[in-house]
Amino acid sequence: MQISKILNRFNGKLIMGAADRIDQLTIFNVVSNNNHVTMGSAFCAVRSSAWAIDDQTGKAVLKADRRAEFARDAIRRGAQLIIASPSFDPTEMGLDSYQMSKAYVIQVSNPGKVFAQLDALLRPLPEISFAAVTGTNGKSSTVSILRDILRHAGRNAYSGGTLGVIGARPLCELTDVLTTPEVRAAHDAFNTLYRHLKATDFVLEASSQGLVEGRLAAIPFSVAAFTNFTRDHIDTHTYDPVTEVLDEHGAMKRYFECKLSLFVDHLVYEGTAVLNRDMPPFQDVLDHLNGQRPDLSVVTFGSSHLSDMQFTVGQGTARGQRLQFTYKNTSHSVELPLFGKFQAENASAAVTMAVALGVSFSEAVEALAAVSSVPGRMELVGQRKNGARVFVDYAHTDDAVLRSVQSAVSTAAGKPVSIVLGCGGDRDRGKRRLMGRATSGATTVYATDDNPRTEDPASIRAEFIAGASENEGMQIIEIGDRAEAIRRAVLDLPPNGVLLICGKGHESYQEIAAEGKIGKTRRIPFSDQEAVREVLETSFKRTRPPDKEYS
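Mapping to numbering that gives the first Met the number 0: the sequence shown position 161 is 160, numbers consecutive.
Bear in mind the hints are in silico, worked out from the structure with no lab data behind them.
Honestly, I wouldn't trust all of these hints.
[What the hints assert, rightly or not] Below, a list of computed lysine to aspartate or glutamate pairs in the DMTMM-like style, where the Cα atoms sit at most 20 Å apart:
hint : residue 1 : residue 2
1    : Lys101    : Asp64
2    : Lys101    : Asp187
3    : Lys340    : Asp307
4    : Lys197    : Asp307
5    : Lys62     : Glu91
6    : Lys101    : Glu68
Keep in mind that this is a model prediction, so the values were computed, not measured.
The task is simple: from the sequences and hints, build the whole structure.
Below you can see the structure in the form of structure tokens.
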């Protein structure tokens with residue numbers, strides 16, 4: 000594509016380069032990593048990591064702006080075009096007159112969005128059906144359930160997100176990626192699945208970070224769902240990408256607006272927005288969509304009788320729970336092999352999306368009986384001979400923890416519920432005390448380490464314990480070593496009790512401070528599931544007392 004056409008298509012402003020030669024130069028590919036530059040590349044100078052957490056204050060601070068440094072290197076490697084935001088100053092690249100004559104710089108309002116759209120123009124996306132799920136919690140479960148429903152209906156559907164790219168079987172194991180993949184990686188996956196595996200549908204998790212960075216800008220979503228909205232990612236959205244400054248007070252507003260952008264900016268004309276009728280900001284979301292995208296069809300799900308797709312949770316079973324769905328005056332029941340009311344809610348979202356994608360209501364509900372378990376999402380890992388059960392869940396926000404505990408209490412049917420939980424380091428400190436409070440309903444809390452990263456683990460636990468201590472009648476046991484906390488909790492389980500291990504879910508590592516490297520972290524192998532299985536399969540003796548006990 001000619002640079003002149005890129006300039007016009009994306010309403011750019013030429014700030015460096017000879018205007019009389021702009022029609023003569025052609026771009027063959029676009030990258031956002033200077034190490035990936037090849038002949039004829041356009042380099043998008045996207046400042047994706049503009050902030051970091053200060054070790055002393057726990058607050059977000061701006062990082063050094065290295066866009067000019069990376070752009071200079073991109074030009075040295077052969078890039079002919081630099082695409083950047085209006086704040087980018089080309090003089091900071093320190094180019095000589097010859098280098099300046101060989102490269103062009105254009106400014107656009109959102110380089111990340113342009114990157115995604117330009118990559119799709121140069122490498123067209125396949126003609127498959129795209130759907131997306133956003134929300135604070137429930138994204139991974141909903142895309143997984145929807146994928147299984149579509150496959151049950153005879154469609155070759157795949158899902159992508161935190162758990163990797165999954166179809167009839169796990170396609171690949173992604174151990175160190177973003178919830179919403181980087182643009183080129185996502186586009187590569189779509190084309191590979193279509194050309195080599197004949198994919199018909201792809202269901203994607205849409206994270207707020209992925210949305211704000213424009214990673215989804217080129218994908219034509221026909222259906223998108225909003226599962227719920229609660230506090231999370233405050234540290235991420237402290238940075239305002241428009242003003243390029245830090246603004247803690249506007250973080251929640253920007254977080255909410257990111258979620259809304261999936262529907263306003265990414266749904267195709269006359270697409271379908273699937274909304275949780277029970278979530279507190281439902282009316283705000285509905286009003287916003289009616290004002291910004293009146294062409295969209297809005298379909299709701301929830302336990303409320305006002306929902307288009309209403310679900311009712313029935314009796315719990317050994318495999319999961321009985322559910323009844325009502326849609327357009329027709330009802331169908333099914334046994335869902337997943338535990339927890341929040342999974343019933345996710346299943347309802349998935350059924351509603353499936354119907355919007357052309358699956359019949361009865362077939363969508365019927366498919367729920369055979370959906371796969373979702374790794375680390377209220378996953379039943381094991382059971383002791385005394386009938387006590389152990390679940391692992393990814394809950395790492397106060398709302399998610401509260402939902403998980405409520406589900407465990409319901410599953411326990413009057414028997415004691417214990418929880419193993421910690422909080423991540425170098426992340427939103429404000430939610431730690433809230434997560435402690437959210438354990439209300441459990442009889443015993445084992446305060447342990449999650450991913451402490453560069454922070455002092457004991458200090459993180461103290462903030463969490465301060466919140467848990469506000470719950471009356473709860474025993475709090477502090478054991479920093481996560482494996483030991485799990486061992487102690489499993490061994491302490493009373494007959495028919497329930498143990499809930501929260502925070503890490505599917506993760507197979509623990510992120511801790513790197514020895515001798517200030518501000519750096521390293522990952523060590525660790526799996527909650529494997530830790531539980533080891534206790535269940537091996538005879539142990541209590542050899543290590545807890546660090547502290549609180550009554």
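So which hints don't hold here, by number, going up? 1, 2, 4
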